[in-house]
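Read left to right, the sequence shown gives residues 0 to 200 (numbering that gives the first Met the number 0).
Derived from the structure by calculation, the hints contain no laboratory data. There's no promise every hint is true.
Said to hold, decoys possible - Estimated spans, in silico, between C-beta atoms of each pair:
1. T65 - P111: 43 to 49 Å
2. G62 - L144: 18 to 24 Å
3. W60 - R119: 39 to 45 Å
4. W60 - F180: 46 to 52 Å
5. L64 - F180: 44 to 50 Å
6. L105 - S57: 29 to 35 Å
7. A67 - V151: 23 to 29 Å
8. H169 - G62: 21 to 27 Å
9. A132 - Y42: 18 to 24 Å
10. A79 - Q170: 30 to 36 Å
11. W93 - W60: 34 to 40 Å
From the three backbone atoms N, C-alpha and C, an ideal C-beta is built for every residue, glycine too.
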Amino acid sequence: MQSKQRHQYPNVQPARFSSYPANSAMLHLHPVGRSPNGALATYLKIVAPGLLAAALWSHIWWGLLTAALLTIGLSIGLVALQRLRIGNYGSLSWARTIGFGERIWLNRIFVPVPEQLGARITTLYVVFWLGAAIALLGGATASGLLTASGLVVAFCAQLVCFRNLVELFHQMKSKTPLYHFWSTAPVNDNTKPVRTELTRA
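Whole structure, please, built from the sequences with the hints as guidance.
Structure, rendered in structure tokens:
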């Protein structure tokens, strides 16, 4: 009779990033899993309400139709510039961190974020869009009071929201390998040897 041998299985330790494995896999396949926009996108979001309100104010000189077309064209241009991902490489700057935090907030369906922090960011976005809408209404009606008050509300809400997005990034960057990969700067192993050889030559 042959003796039964028990197979010894290696003791496999869980990976460091073990939270939300199924959702993380879906995140890689979903469009929202792509790399966040660069630092330029953050700065464009800061100036966008003022630029759009100024474009609407131009109806005083060029008429409402021209001002509306100018505003639409400017909006398309701002969105296109944000997608260029300029400033998406190098050191992890303040503006890039905000972009990462915003992408993490958008991905909250796939990888849950802290409930209280997520609700706070959502509220701040609502306040920002409300202030921006008031500023645009002021531009369309040539009301300095509406434009100024709307821009102040939008800017203040945006600054507080940025601070919360940075906090969200630091809390969530180790929840899935994708978030960790976003914040890792690419390194070219051939860069240093090539430079050394050129220097010697």
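Q | Those earlier numbered hints the structure runs against, lowest number first | A | 8
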